[in-house]
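Trainee: Line by line, the protein sequences give chains A and B.
Counting from 118, one number per residue, gives the positions in the first sequence under the numbering used here.
Counting from 118, one number per residue, gives the positions in the second sequence under the numbering used here.
Hints are supplied without guarantee of correctness; some may be wrong.
Same chains, same names: a pair is fine if it fits in one copy or spans any two.
Here are the computed lysine-lysine pairs in the DSSO-like style, where the Cα-Cα straight-line distance is at most 27 angstroms [to be verified]:
id, residue 1, residue 2
1, K120, K232
2, K224, K119
3, K274, K232
4, K232, K119
5, K152, K141
Source of the hints: derived by calculation from the structure; they are not laboratory data.
There are 2 protein chains.
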Amino acid sequence: MKKIAIDMDGVLVNTPMQALKWIKREFGLDLDLKKAEGSYLFYQLPEELRATAIEFLQHPDYFRDIPVMENGVEVLRELSEEYEVFITTAATQFRHSFAPKFDWLEKHVPFIDWKHIVFCGSKSIINADIMIDDHTFNLDNFDGEGLLFTQYHNVNKTGYKRVNDWLEVRDYLL
Amino acid sequence: MKKIAIDMDGVLVNTPMQALKWIKREFGLDLDLKKAEGSYLFYQLPEELRATAIEFLQHPDYFRDIPVMENGVEVLRELSEEYEVFITTAATQFRHSFAPKFDWLEKHVPFIDWKHIVFCGSKSIINADIMIDDHTFNLDNFDGEGLLFTQYHNVNKTGYKRVNDWLEVRDYLL
Chain A
118 MKKIAIDMDG VLVNTPMQAL KWIKREFGLD LDLKKAEGSY LFYQLPEELR
168 ATAIEFLQHP DYFRDIPVME NGVEVLRELS EEYEVFITTA ATQFRHSFAP
218 KFDWLEKHVP FIDWKHIVFC GSKSIINADI MIDDHTFNLD NFDGEGLLFT
268 QYHNVNKTGY KRVNDWLEVR DYLL
Chain B
118 MKKIAIDMDG VLVNTPMQAL KWIKREFGLD LDLKKAEGSY LFYQLPEELR
168 ATAIEFLQHP DYFRDIPVME NGVEVLRELS EEYEVFITTA ATQFRHSFAP
218 KFDWLEKHVP FIDWKHIVFC GSKSIINADI MIDDHTFNLD NFDGEGLLFT
268 QYHNVNKTGY KRVNDWLEVR DYLL
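With the rest of the complex left out, here is chain A (with noise of 0.2 angstroms):
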């Protein structure tokens, strides 16, 4: 069986909705993915409120209730009756996002047991056949085969084969 090695942040969960709710809950601003396009909404924040924003993420509420990203949990429910499924996300920058991540992957992706799920920095460290990740930097250390699952901040990275959504993680892949 293949090995799939799947992101959380930004793939399976809608990190960047989960900003923008944050942004405007503890600073009332409206800040928008669009003009972030290429860049990281991070740098739209007027900057005396910036440390404040890196913060959130070491706030264990941020990652406990973060939103699905739509189609998520379908297809990758069925991508894990065709392929061995790993969750792969960069847990270890953040100390305070391990227990609410563990506890966000048992209450929506059930399907998925303690063994599929890594928490890890670097991605050099998985081996796998595919990859799908959001940041090129983790494909780039990767030695299978990685798809860039779209995020405003990717737009205008190339040289990987693109997937917009679940339903096209769906269409490449079963």
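Using the hints provided, position chain B relative to the given structure of chain A.
Mentor: Frame of chain A, contents of chain B only:
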């Protein structure tokens, strides 16, 4: 630079010693590591205590103050100058072990950064040149060179180059 994946429990940290300590403290029992060779300490416990003993592994303090394996930190530091060292530990089996394990690493081996820490389940997902582990079932699923770190439970296992302690790791790899 060659990549080495190094296990925590039973390799970098002295998990059997922690088990003996907790069993003594909680049950007042002195178990015998020598008599458990080729098996697990667990089976020396009276049946009625086993469920409680398994719960130790879900207690955050169990992994927090676990003793370092003799010479482990020193040799790991030396290895990290010649190899790209990843700590690869099957932490996803124990939901409450993430933060204690992360904090342990930060305290005892601060020269290993977050990019080189992997909390996983199945080690078949690990891509490295060398893996040091005390479980043959982890080495069996690994594509690179597996080194079996001697522990009481694996003394009868064969099929891998064996390293009996960290000084032998140093001799073999440096």
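Trainee: Give a verdict on every hint.
Mentor: Evaluated hints:
no., hint, result
1, K120 / K232, "both (13 angstroms within a copy, 22 angstroms between copies)"
2, K224 / K119, "within (25 angstroms within a copy, 38 angstroms between copies)"
3, K274 / K232, "between (32 angstroms within a copy, 23 angstroms between copies)"
4, K232 / K119, "both (16 angstroms within a copy, 26 angstroms between copies)"
5, K152 / K141, "within (16 angstroms within a copy, 62 angstroms between copies)"
The structure shown violates none of the earlier numbered hints.
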